[in-house]
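Asks: So the protein lines, in turn, are chains A and B. The numbering of the first sequence is our numbering, which starts it at 1 and goes up by one. The numbering of the second sequence is our numbering, which starts it at 1 and goes up by one.
Calculated directly from the structure, the hints in this document are not laboratory data. Do not rely on the hints blindly, as some may be mistaken.
Here are the computed distance ranges between Cβ atoms for each label pair [said to hold, decoys possible]:
(1) A:Glu265 - B:His17: 19 to 27 Å
(2) B:Glu68 - A:Val193: 21 to 29 Å
(3) A:Lys327 - B:Lys6: 53 to 61 Å
(4) A:Thr340 - B:Asn86: 54 to 62 Å
(5) A:Glu265 - B:Glu68: 37 to 45 Å
(6) B:Met25 - A:Glu90: 43 to 51 Å
(7) A:Thr329 - B:Asn96: 45 to 53 Å
(8) B:Glu85 - A:Ser129: 20 to 28 Å
(9) A:Gly339 - B:Glu68: 16 to 24 Å
(10) B:Asn96 - A:Lys266: 25 to 33 Å
(11) B:Asn96 - A:Leu299: 20 to 28 Å
(12) A:Gly339 - B:Asn13: 53 to 61 Å
In this text, a Cβ means the ideal position worked out from N, Cα and C, and glycines have one as well.
Residue strings, one per chain:
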Amino acid sequence: MITTDILIIGAGPTGLFAVFEAGLLKLKCHLIDALPQIGGQCSEIYPKKPIYDIPGFPEILAGELTDNLMEQCQQFQPGFTLGERAETIEKHADGTFIVTTNKGTKHQASVVAIAGGLGSFEPRKPPISNISDFEDRGVEYIIKDPEIYRNKSIVIAGGGDSALDWSIFLSKIASKVTLIHRRNEFRGALDSVEKVQELKNKGLVNLVTPAEVTSIIGHKHVTGVTVKKSLDSDEEFNLMCDHFIPLFGLSPKLGPIANWGLNIEKNAIKVNNSLDYQTNIPGVFAIGDVNTYPGKLKLILCGFHEATLMCQAAYRIINPGKKYILKYTTVSGIDGFDGTRKEAPKAVVKKIE
Amino acid sequence: MDQDIKITVIDRNGVSHVIDAPIDMAMNLMEVIRTYELATEGTIGTCGGMAMCASCQCYILSNHRLPEKQDDEEAMLSEAFYVKENSRLGCQIQINPEIEGLKIEIAPES
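Okay, chain A solo, but in the shape it has when bound (with noise of 0.2 Å):
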């Protein structure tokens, strides 16, 4: 069981705020995230564009942003569960929350800050009518344990960094990779895929384009997929393999959060913006693009400051009754869990003769 203060449901640019947030105020965080990284959307879906509109910074790249929160924030020692989502949750009688993920990691808290933007970052299912039947069969979505595909024959389907990439991975233990994309272009790092078309003249990677996989076949596992090439003609061939690893990128779905007692509108869980982001669950807050209130704008520097009142509001919930005062870390300091302290540098004083 990992215990928390406030345990933090995504690691976006929000959840990794609070935890600086809460830090100041002697408050530990533990976030969970689906995504095996940190940074949520900024870095699944845009590392490398630039943002214009946070406070200070004229222009940072989303990736840049992720690092500087980390930075900003690592004095506070976060935990992290990554690459696992948050499933259930329960109250217990003294008035913690027990959050289990689908890996069945348990996390205790007194206040649970769900920070998780558009909901957790899935795969992506191509609509192949009969692809559920082989799921976990054959058919693999995200790639776990490479070692499965030692010696083994792989179709690869996917025109992005993670089919590339994989390509180029598997080239090396598996007995045979076939990479299939519906155009020749790809889109990826331009090392990848030179490194691609490499391997692709070597014979290493068998390129099939313009194609897409239509069907699978098998009987209780993968033994091959349907091909059609390009998107013109009808022509069809059968390809042996056994392995079918569709790449198709991520797309977040609010999931098993929607079955929580949360209100919920339109995708997002509604707040009392008036106070704290606290939802209809006391000790439950929702933080960033997760919530919604009248005139909710989905942008990070709100998440920022959502995050800012949520760690007030839990500082309250944990030291009930306690005075506080607010301090500025200019004023103050910042003195880090791990024993580090930060401080404004004393004004030199000296007489001039």
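Start from chain A and add chain B according to the hints.
Replies: Below, chain B without anything else, positioned relative to chain A:
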């Protein structure tokens, strides 16, 4: 209302809506659809309009000449599902007087 053009949008339930789209707000088709809430919030415009998610894919049903697809739209559509000859990303289509009378259908959610 000379700042508006008429657009027909068929939503994901097959219902047709004729809406007024402003030409003076630098809006794109995805944003207009969201403004009128013709697709459930959270199922359209996921990436905010960067041609990086295809949640605003539409089928163009009228014969308007639209600006050519840029590379990023072309690339995204090549990875999207339910793509047809007349597929476009709504976020890449600017509202301007040339598309008066445009008729589109929102592609299924994927």
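Asks: Are any of the numbered hints broken by this structure? If so, which, sorted upward?
Replies: Number 9 - this is the single hint that the structure violates.
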